[in-house]
Structure formats: structure tokens, C-alpha cells
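Asks: Read off the chains here:
Number of protein chains: 2
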Amino acid sequence: MTINRQWLLVSRPQGEASVDNFRLIERPLPELQDAQVLVRHHYLSLDPYMRGRMNDAKSYAAPQPLNEVMVGGTAGEVVASRSAAFAPGDKVVGMGGWQEYSVVADAQRGVLRKVDTSRIPLAAHLGVVGMPGVTAWYGLTQIIVPKQGETVVVSAASGAVGGVVGQLAKARGCRVVGIAGGPEKCSYVERELGFDACVDYKAHRDLKALAAALKAACPAGIDGVFENVGGVNLDAVMLRTNAFARIAVCGMISGYDGTPIPMANPSLILINRLKVQGFIVSEHMELWPQALKELGAMVAAGQLKYRESVAHGIAAAPEAFLGVLKGRNFGKQLVKLV
Amino acid sequence: MTINRQWLLVSRPQGEASVDNFRLIERPLPELQDAQVLVRHHYLSLDPYMRGRMNDAKSYAAPQPLNEVMVGGTAGEVVASRSAAFAPGDKVVGMGGWQEYSVVADAQRGVLRKVDTSRIPLAAHLGVVGMPGVTAWYGLTQIIVPKQGETVVVSAASGAVGGVVGQLAKARGCRVVGIAGGPEKCSYVERELGFDACVDYKAHRDLKALAAALKAACPAGIDGVFENVGGVNLDAVMLRTNAFARIAVCGMISGYDGTPIPMANPSLILINRLKVQGFIVSEHMELWPQALKELGAMVAAGQLKYRESVAHGIAAAPEAFLGVLKGRNFGKQLVKLV
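Line by line, the protein sequences give chains A and B.
In this text, residue positions in the first sequence follow the numbering used here: the first is 1, and each later residue adds one.
In this text, residue positions in the second sequence follow the numbering used here: the first is 1, and each later residue adds one.
Okay, chain A solo, but in the shape it has when bound (with noise of 0.2 Å):
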């Protein structure tokens, strides 16, 4: 008998989250069924977006229901299969969760999904030709819309996210200019990524500084905008922002604690004519195919780099996931389980 090791979620978190609003459990894995699909997860993928998940408010998505397996993506290798869709040895991702092995049903075929991974890690299938590099296509191709020669400003840069939009804006004949915490992620994103420049948050900690360090990094300011926090860090960006420029909202991390994050000066928003949007990438599905292309096709040329951190075994993932909300993570954070 296979022994399944999950975590739950037990508790909502009051501020910040903590271990403690996990517990692992054990449990013996059920035996498959007609039309199921067993999978074991070589890998957790581990998102900000969770931790909007375990509060109990209203938001775009479902609360994370107390007492069940945390949700979260997946990529893994289908070991028994009941399905006619999916044989042993596939690799595939999908929405597993926190936990070592999934059974999905074929009425939830949807999201399980084949990879190939002869040209790309398996790995790469949960960052950037996965949901973070869609986001990062969708958000800079979408509602950025950039054009030649404009400069486009990317907060968390060196996350899975982040990073991406800047290489996709750079291959669009953009100015790129980083937001990222710490001299060492800053320095990765200038030289591996390739941005054009990369503000140290951490060394100008107020409106003042940081507006100032965009405005001699943006000598022509701001035109496109890919906001993945929030709070100070916007209302930054907002006030060297361009005529028509546009802002992509995919997260507003710094607020995610139940922190207020109001936008200081949201006239900006007529005075400078901005487009200010908010999205969700697992709502324009239609647009995927197109977008894991692109991405596709780059990383196997080498023309897209990312970075993982990789957590070991089941057991580490709270640790983890607690890292990416304290910017800890440099680039994808990963749970190795295999």
C-alpha cells in the first residue's frame, strides 16, 4: 500500500502566514477507479497567489476550503492509468496540490495536461513555458501592448514572473527597467536577464528614493508597466509614468497580509491618461496555445533564461512558500519530491 504525504490547510492566517496553518498528513492512496489517472508529482510548484487563497474573503477565486490539500500546480508522471487519455511514463502537468501523488478523473481532464519534455525540463513545464510565463506573455502582450522603443518597468524581476516579462519586452525592442530586492537579485537580472537596469528596492525604501532611482533609470519615463506588488513600489512607477501609459495589475503581493495598500495619488491616473488593469491568467485559456509557442520555442533556443529555487522533499513546502512571500526565492520556487 502507497502511503500519500499532503499538506492541509488548518488554519487562516491573521497578517502573515505561518507553518502552522499547515499540517502534513499521511494517508494510504485509494485504489484507482474506472476513468482515473494516477500521478506522482516530481515537482510542487510554489506561487504568491496562495496566499490570497487562504483567506476567507472575497477575491476572483474560491477560498482554499480548510482541512484539504493546499491547492497548487504540479508536473509529474502518470504511474497507473485507468484512462484512455493517459498512459503510464506520460509526463504531465497539472493542479495537484501540496501533497505526493493525485488521482484525476477524466471529467477533469482539463487540467491535467501532456508535456513534451524532450526540449524542455519537465521543471520548466511549472515556471516559465507554465502558468508564470503565461501570466508574463498575457499581461505584456495583452494590456502593456508595447512598441519599439518604449521602456516598460517590471517589479520582482528576478521571479518567475517578472523575469519573463522583461526578456519578452527586450525581444520587442524595448527599454527594460527591474524592480527587485538585494544587490545579488539585481545584478542578475541586469546581467543574466539582460534588462537594461534594475532598482534595488531594499536601498531606497520610501516614495521619495524610489521614484527618484526610476527617474535616472527611465530617462524618458514610463510607458508600460508590469505590476507585481504594489503599495509604495506602484505609486512609484505611477508618478514617472508616460502619457497613455499602460499598467498591467497581476499581483499586489505587498498587500496580501491584509495590509491596506492604498494607491497614493490615483489623479495620476487622469493626468497622465493611464490604463490601469487587473487579470487573471486562467481566464483567457484561449490564448495558452499561442503564448506556451512563443515561450516554448525560446527556452529551447536558449533565447529565454529563468532560475529555480528548489526546495527538497514534501516536507519543506510551507518553509518554502513562506520564502516566496518574503521575496527569499530567487526565481521559480520549486518542491522537488523525485
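In case anyone wonders, no lab produced these hints; they're calculated from the structure.
Predicted model only: the values in this text are computed from it and were never measured.
Hints are not guaranteed to be accurate.
Stated by the list, open to error - Now the in silico label distances, taken between C-beta atoms and shown as ranges:
1) B/Lys215 - A/Val10: 32 to 40 Å
2) B/Ala61 - A/Lys202: 31 to 39 Å
3) A/His284 - B/Glu184: 43 to 51 Å
4) A/Gly15 - B/Asn67: 53 to 61 Å
5) B/Asn242 - A/Lys305: 34 to 42 Å
6) A/Arg27 - B/Asn242: 35 to 43 Å
7) A/Tyr60 - B/Pro260: 52 to 60 Å
8) B/Lys326 - A/Asp206: 29 to 37 Å
9) B/Lys215 - A/Gln303: 49 to 57 Å
A virtual CB, placed ideally from N, CA and C, is assigned to each residue, including glycine.
Given the coordinates of chain A, work out where chain B should sit on it, guided by the hints.
Replies: Chain B only, in chain A's frame:
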């Protein structure tokens, strides 16, 4: 020799604007030069945007220079012409400013436009079939893009812009809810303009009360917002938005005096996948003919209702303008000179 009375801006407001910021002077009209037109103003238009021009701050338009004639739209009649393009008796609208006459050169011809007063009164070309009407049309049709059955909320609903927004949205099959100050304006918005409901912001002074009133008036939530006010008004409306709502930001009059008006909860942009977009109608001149055609046809057919507050004589301009900023006007504010 004809005397032209003019209002100059002589100082910039510290906080609220006052009559002391303006000075009335008399100057003889200069002799008309070749390729010039002399226009006698019948009406001055007074609009909220003028408050922004009084400040010496970066904005979408250059500040109004000190000791020059205050900027503004005008409607009048050509009384002398040394231009082939205009003849005495022509009814025209232009940007003549706060004065009784203006001299317009052929080189500035774009700012002077002949209008048809056989079916549409001259003053309406400054309001419902002029800049305010086109502003309403642009924000509604180009940013909100309302679908039949959706709910559209309009602030400053009894004003020159808001009243048109609501009637155009009703004509497109929307549920339309206004926000206005006081029972008299709300009654007019509902009974005369045909809005489905109107919320009195003076009876709901804080965020919680205003959001509750909007919830009652918008049982299916809010899909489109035409924002003229900002501040608590915008915060309350955002709380009631549906997924994918569009907010056209036309004005933020609550912040024109320099009071900071932070947006309380910008994370709603992400949670509800909002599009928030600012615009200035004078940057979209290519769409004015289409807008004026629809607006003119509706006015001529009696399908578009509007109301005017008329002050009399050039001396009355500053007081009437300050009234606009306080919401003392009822509909389009004009100064009648002839």
C-alpha cells in the same frame, strides 16, 4: 472704439480657489488685421477642468498663464471678418476665453467652428452638443463600451457631462444609476433624465453608507463607471464592481483643491479585474464628428434632455465658476453676455 472686458487670472489658489484669483479689466479692441475674425461672445462655458489649469502643477495641459485672459469655451457670432472662411453673422464656437470679444486668426482656424443653430440652440453647442457631450460620449462608448443589460454608474449625474452619459447608456439598454448631491438634483436625474435610480451623496457621507446605498441601487453590481469625482465616491463604487468592470476616469473634482485623495483599496483592480482608464476628450478630435452627429440628432429629436444654469454678464463669471466647483450649478453652467 469698442471696449472688451476680460477676466485675467492674477494669482494661483492656495487650497480653494476664490474670486481674488481673478481680475476684471477693460481693453479697447485692436483693429482687425488681414486673415482675422472678430467674434462677439454670446455665452461663456464654465467647466470643472478650469480649476486644474489654475494650478502651476504638471498636468495634461499647460497651466493657465498668470495675467492673461482665463481660458474657456465660447459661443458667439462673427461681427467682422477679414478671412474668407467666415462672414459676419456666422454662429461659431471656439476657445475665446473669459471675455466679451475675441480675435481669431486664420492660422488658428481649428479652434473656431461654425455651428448650425436652426435645430440646436447656440448655447447647446457648449454643452450637450459640445465638449461636455462629446466627453460623455467618448468615455461611455470608447472606454466603458456598455452591453445591453449592464449597470452603469455615473457621478455628478445632474451635470453637463453626467446627464448625457446616463441618457446615452439608457439608449443602449443599460440600467443607469446616478450619484448627485441633494434631493432636488436626484429627483431631476431620475424623473427628467430617466435614470433608473440616483443616490444622494449628501445623505451618505462616508464610504460604508455610500457603498450600502449603491448596493441597494445596483442589485446586480456595477459593470461600468463614469467617474467625475474621485475620493470616497470612487472607493464606494469600486467596492460594488463586478468582474471585468470598466471605469472611465473623466475627472477627480474632489481633489482639485490639492486635498490628497488616495484610492483606499486598489487591490480591487486585481480582485475584480477592473480596467481603470483616464482620458481627455480633446486628444480624440478624430471622433468628434461621429459623436456630435449622434448627440445633435438626439437633441434635435428631443431625445436628449439637459438643463442649464445661466449667470448674466461678464462680471458674474468667477462666482459662477466657483459655484461649479461646489456643485451649486444645476446642469451646464453658462454665462450669458448678449
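Asks: Determine for every hint whether it applies to the structure shown.
Replies: Consistency of the hints with the structure:
no.: 1; hint: B/Lys215 - A/Val10: 32 to 40 Å; verdict: holds (34 Å)
no.: 2; hint: B/Ala61 - A/Lys202: 31 to 39 Å; verdict: holds (38 Å)
no.: 3; hint: A/His284 - B/Glu184: 43 to 51 Å; verdict: holds (46 Å)
no.: 4; hint: A/Gly15 - B/Asn67: 53 to 61 Å; verdict: holds (56 Å)
no.: 5; hint: B/Asn242 - A/Lys305: 34 to 42 Å; verdict: holds (39 Å)
no.: 6; hint: A/Arg27 - B/Asn242: 35 to 43 Å; verdict: holds (40 Å)
no.: 7; hint: A/Tyr60 - B/Pro260: 52 to 60 Å; verdict: violated (29 Å)
no.: 8; hint: B/Lys326 - A/Asp206: 29 to 37 Å; verdict: holds (36 Å)
no.: 9; hint: B/Lys215 - A/Gln303: 49 to 57 Å; verdict: holds (50 Å)
Checked against the numbered hints above, the structure breaks only hint 7 and satisfies the rest.
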